[in-house]
Structures are given as C-alpha cells and as structure tokens.
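All chains, please: the whole structure from these sequences, using the hints.
Protein chains: 2
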Amino acid sequence: MKNKKDYKIEILAIGSELLTPYYQDTNSLYLTERFNDLGMEVFYKTIVGDDWDNLVLSIKQALDKSNLIVGMGGLGPTKDDRTREAFATVLQRKLIFKKTILKKIEERFNRRKLSMPAVNKKQAYIINGAEVLENRNGTAPGLWLDTGTKIIILLPGPPHELKPMFESSVWTRLQNFRTDYSVRKILKITGLTESKIETLLTDLYPREPGLKITTLAYPGQIEIHITSHSKQSQDLAEKKTQKLIKNILKRLKENVFSTSGEELEAVIGRLLKHKTKTLATAESCTGGFLGHRITNVPGSSNYFLHGVVTYSNNAKMNNLGVPSDLIEKHGAVSSQVAEAMAKGIREKAQASFGLAITGIAGPTGGTPEKPVGLVYTALAWDKETEVSKNLFLGNRETIKFQSSQKALDMLRRHLFKFHISKED
Amino acid sequence: MKNKKDYKIEILAIGSELLTPYYQDTNSLYLTERFNDLGMEVFYKTIVGDDWDNLVLSIKQALDKSNLIVGMGGLGPTKDDRTREAFATVLQRKLIFKKTILKKIEERFNRRKLSMPAVNKKQAYIINGAEVLENRNGTAPGLWLDTGTKIIILLPGPPHELKPMFESSVWTRLQNFRTDYSVRKILKITGLTESKIETLLTDLYPREPGLKITTLAYPGQIEIHITSHSKQSQDLAEKKTQKLIKNILKRLKENVFSTSGEELEAVIGRLLKHKTKTLATAESCTGGFLGHRITNVPGSSNYFLHGVVTYSNNAKMNNLGVPSDLIEKHGAVSSQVAEAMAKGIREKAQASFGLAITGIAGPTGGTPEKPVGLVYTALAWDKETEVSKNLFLGNRETIKFQSSQKALDMLRRHLFKFHISKED
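Top to bottom, those sequences are chains A and B.
Position one of the first sequence corresponds to residue 1 (my numbering), numbered consecutively onward.
Position one of the second sequence corresponds to residue 1 (my numbering), numbered consecutively onward.
No false leads were mixed into what you were given.
Which residues of chain B face chain A? A partial, calculated answer using Cβ under 8 Å:
#1 65
#2 216
#3 291
#4 295
Chain A is faced by these chain B residues, among others (derived, beta-carbon under 10 Å):
#5 34
#6 44
#7 57
#8 292
#9 300
#10 307
#11 309
#12 311
#13 397
Using 30 Å as the maximum straight-line C-alpha spacing, the simulated DSS-like pairs for lysine-lysine come out as follows:
#14 B:212 / A:79
#15 B:277 / A:348
#16 B:370 / A:277
#17 B:348 / A:348
Keep in mind the hints are simulated off the structure, nothing from the lab.
In this text, all values refer to a predicted model and were calculated from it rather than measured experimentally.
For glycine and all other residues, C-beta sits at the position ideal for the given N, C-alpha and C.
This is how it looks when you write it as structure tokens:
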C-alpha cells in the first residue's frame, strides 16, 4: 500500500458453526484491540460458512471494499476447510506444495507417537507468493500475502492458535502499518452512577485529538476505557493518558478502585496482604458468591480464613450467635441482623474483619416493606461496625453481584482510609 | 419471492460500537435460532459502522448476495443513526413522513411527563412501501419491506427492543416463509467424556434428513443440542426428536441429567424439594462457589440450610470438627478430610445431606504428590459417606466449576438411585 492511512481492514470469520445459534466469533474482539493499538481501525466484520460459493463471494466482496483482510478459520485438514483454496481462486493464484511445512506437521504428529493422517497433507499447500506464519499450537500454518495492493492474512480459527500466531508473526509485520503510538488503560469505579460520573467529568472529556474514552456501565461497576494515540512517540501517548487519569482521579477520588484493570476482589486481596490482615464472611442472599469472588484470587488462602452461608434463621443463630429475638423483632433482613452477622463471623473466625450480607435476591420473597433487592451489608472490625442499606435493581444474579460488590467495597474504603491515616 | 426455498438470509448489524473491542453482536444468535425454527438458515452476518459510505456499500453488497436482509441498529434519533436513509438510498426509494408514528413517539414521551426532543422527529420517516413494526419498548419503529424480489427487515439494536418486536411483528410475517416445522431440545450430560459419548452414540447419529445434532463440550458438562425438522407437521418433528432422545437415554443412561435445558443445581433443587430433604455444604477450594450455584435457584431456601467455607485448617477443625490429627496425617486435601467435612457439616446443620469439597484449584499450591486439580468431593447421608477423588484440568475458574459439578452430581445420582428404589 502506498500510504499508511489508506488501509481498510476487514475481518472475515469463516466456518458454518459461526452461523448457528451456538458459537460467537470472539477472535475479532482481540484482533480489533491489537489493530487499534497500532492506530488502525476495523471497517467491516463478515461471517460466512463453509459453502464454497458463499465463501468465494464473500472473499470477492471483501477484496472489493477492503485492502487489509484477515481471514480466519477453515485452514484445517477436513474437506470443509477451504479457505486457502477459496482465496487462491479469487486471487487467481496457484496453491504451491511446501515440503518444509509437511515435515513440520509430520514431526508434530511424531512427537506424540502418531503418524500423520493423509488428510493433513493439504495443510502443506500455500498460496503462491505468500509467506508462511508458523503455528506452534496446531497443524494449520497461517499465511501472509502482500499482493502490492492488498494485504491478506490467513489465521487458524481456534483462539489458542490464532493469538500466539498473531503475536509472534503478524504483530512484527504490522509495525510497518503503524500510524501512531497508543496506550490503553481501564479505570474501574464503584459507588457512583453513570450519570453522576458523566456530570463530574463532562468538561474533562477530551477535545484533544487522539484521546478516546468509552464508558461501560454494569450494575455495581462502571469502567472507563481510555485509549491515547500519539503520532510522535509511545512516551507522549503515555503522558497524555496519565494527565487525563490524574484529572479523572481528582474528580472521582476513591470511587475509582483500580487503574490497572484489577477486579475489586484482587484490590482487596492486595490491601489485606499488605497489612497482614485477615477476613471472614457471613452470607445470606448471596449464598456463597462473596466467598467465591474472594477466593477467585490466587493466594487468597493467605487472608481469607472462613466463610459461612447462613441461609436459614437457625444457621444464623447457631453459627453466628445472632440472638433469636433480634431476628424475631427486626426480621432476618435487617440492619441489626447484618451487624450481628458481621460481628459473629469476625469473632468466630478470629479474623481482623467480618463482612456480612443479608437481603432478598428475588424473584420471590419480597414484601411492600421489604422488597426484592433490599440488601443490608455490614463490616465489623475491632469493636466497631458499619452497616449499609441498599436497594438493588435487577434479577437474582445481578442483585447477588451488586450485594457482593457493595460488601467488598465497604472493606476497600475502610482499608483505604486506614492506609491514608497510617501514612499521615 | 417465488419459491420458499430461494431465500438467502443475511444479518447486517450496524453500529460503530460493534467495531470496537468492547461490544459483541449477540442479537444475531437469537435471530439465527428463530430463523432455524422455521427451517430457514442464515447465510451471512456482516457488521459495519455508522460511516455513510461504508454502510451504503455494505447494504449494496448484502442486496447483491442475499434476498432476506435483517438490518439492525442505527434507527435511533441521533445523526449517527442513518440505517433508514442508507437503505432508502440504495433501494432508490423515498422516505415518507408518517404522522401516526410521530404521534406515538410523542405520546411515549408525554407518558413520562417529557416533551419529545426535536431530533426524534426523524424516527417518524419510513421507506416508501414499507410496513411499520411497532416498538413497545422504545422510540424507534421497525420496518418490513417486501420489494417483490427482496425482503428487508429493519430492527432496533437494543435486545430488549429487538426481541419483543421480532416476536410480536416479524414472527407472524415469517410464517409464510416457513419451509418446515421444527423442535429444539437440549440434553445436558455430566460424568462422561466427549469421546466416550461419541463412541456410545456414533451409530445413532441421524442419517434421517431433518435431524441435526450439535455437541458442545465444556469442562464438566457436555450438551447435545437436537433440532428436528419435518415438512409435514410439528407433531412429526416432535416424534422424531422423542425417538432420538429415547435412544440416546438408553445409551447414556443417568449420565444425562436434564432433557429440558435445566442446570444441574436446578435438577437437584427439584429432587430435594420433591423428597423434602435438606442440604448443607462445606467447601474449601471452591470458596463458596458450590453454595452460590445452589442458591442461584429461586426457592433454594426451602432445602439449602447452611454452608461453610473452611479455607483454613483451623476453620475445618473448629467448625466441622475435623480432627487435627487427620489433617496432620493425610493433609487437608485428602479423602479422609473430605469425608470428615461432609459428615461434620451434615451434623452441624442437621441436614439430610452434607456435601464437601477439598482440593487444589491452583495456579500455585500443587506438589508432585498433590498436583493442581486434585480435588476430593464427598457426600454424607444417614450414617454413610461416599468420597470421590478427581484430577481436573484447567485454570482456577474451570477447576472450581468442575469441583462443584462433581459434588452436585454425586448428590443427584444418589437421589436418583433412591428415587428408583423407592418406586420399585
């Protein structure tokens, strides 16, 4: 291509399974991210099955409208895998047999004490003029073809083959197409609504070219994805990002729990480890989900001692010492019971912190006074406790998530304050 | 279209956000399923952004190769929403203003005590000759246009608008295109490998036309999706499916835990409820995930009494009465400790069943004798216990899933046997 700016990228995903209700193309999200890192944008994504005529037609149409085409899938050994042949046909180029490729495929089978099935031989053919992209995780080699006017990249469909091949062979070749340098950062936020964040940041949102912000809102968590591009250098792209992040942090303060993509449970794990503090949990409506999240972090056994799921009132009384008259008087879903649960589990486990959740996850069990989504979360430390009353919207699953998020966030804010005051 | 069989369906998803790394088109999976229900197949899926030239080119190409085109997205009120205009331009048809549509949009705003912003007026224009598809969940109306040679269906992008519109307005119109009747069923299996299932079923796999089987394998669970088509009637499609399912069940027996799409935790919930039995859990490496799954089922408070997450050895001893010499002698990850945990939690919670899990979820903590993925699961009832030693492959997340799956499945098989013997 004559001018770096002239590329039009199309991703062509090939495979009949991608036209069923069962499979989603996920490779293209990864590829898009990597192209964006180079300042390159994807113009089209197309999905077509194994049918020869449809495949040929899609390739023709792709070549008509785009000049950098990533074809993925259909490089396997079966008779349905005809991506190589279809591209060769449309490009009017021959398929050339490569002994060196065949040898590598045979060796791959031999290493596993197998002999290569005859069908795999077709994988040793490449489109005339193409460079071979080695596949360290499968038999299908990839191809890179520069026709002078078009770049064609063929990659295997399985993500564990496609990604390493892209990183090891395609990424270097694409450096010639780099239009700029870029940095990507993710800020994760909880405790503010999307519209509140918009209001707080509206005048900050970049008028500068090359800075791009995408806000993704989930129940209980909002993410700000920042991409910064610079024509000059990586360093400048980094500086622009850091300046923006600094300004965002000034506005959103400790509501931002991560600037590195870390999940909330990982942030807490890091803080607890750093302070050599321990944690125990008592859950009702989340049913174990809070413990699940905490223990998703490798090494959590260093600080997570014990959790209980006290679904029944008896379990709350017998295991956490929640007084029965408290439950009778205020109900199991109440500020008082949440507090007693947090204190109870902290003492029982002899942990630095006790976290508790009691609420109504729905869809049934709500009343006018205590509707579905009413959830109390409590944190106990030393001789103190803090309780939060929440009304979450959504289904059972999102209410469970928001409840665990709120509980974890109470602990994070506490550790954060503690951290600050210690350093005063 | 002259012949029902002549349709070629293309789904065209429109929106620049779909060309970023953040958003995935999920509508097309739903649409594909519904088209398949009518015996219709999707030939192409295309994704294009809001850019006018690219959009027009994609529509032209779609009309060149397909004759039933579903365009979705880009029907909103902003200046980026130009799907209507682009289709009108390519089809060389005028956009006609419809007072009745405007009135409905205005009413929608009025009901919420808002006045309609001026930008929304453009949503009241339709392509000349098109029928309006009412949107009960948003402002953007859909369109159905039959040009004589092509069918064009325009739908709003948000799934909560698209799906109801499809069901209420598109589905009826598509009945004319129905080529046959179909039935869809999902069998869920655990306890057999994918290759074992293949071997057991290989001669069963349908040579009959109109029966289609897709096997989806996940760690710990395999699904067989069956679609059956009949030219004659719904009843015949149903009969073909039932015959196949009966034959599959003969081979795979009680390894099939559901023929209705139910999750394992729901199956167990149903069985426990039916027998008025109760359950308590003791988890180590799954950290609460087992309890989380059990309590994902609405109404689980009827049978799930209590769960503990005993991550530390102390917690295992103090809360479940696991003898310290047992842990010292065999280690926390051992058959003996798993058994003691299951018994301990059953007694403590006074439940009919105790389920326990202890293992190494990784990525660290493995040794040559006790590698990552070694997990013991145990079930206690009356005065008996059953323990299973498992070696799961995968990352922390999939090991946690497989462990919970195995534990739940031990209980299911037990309840199943009990169920059978009771009915003898």
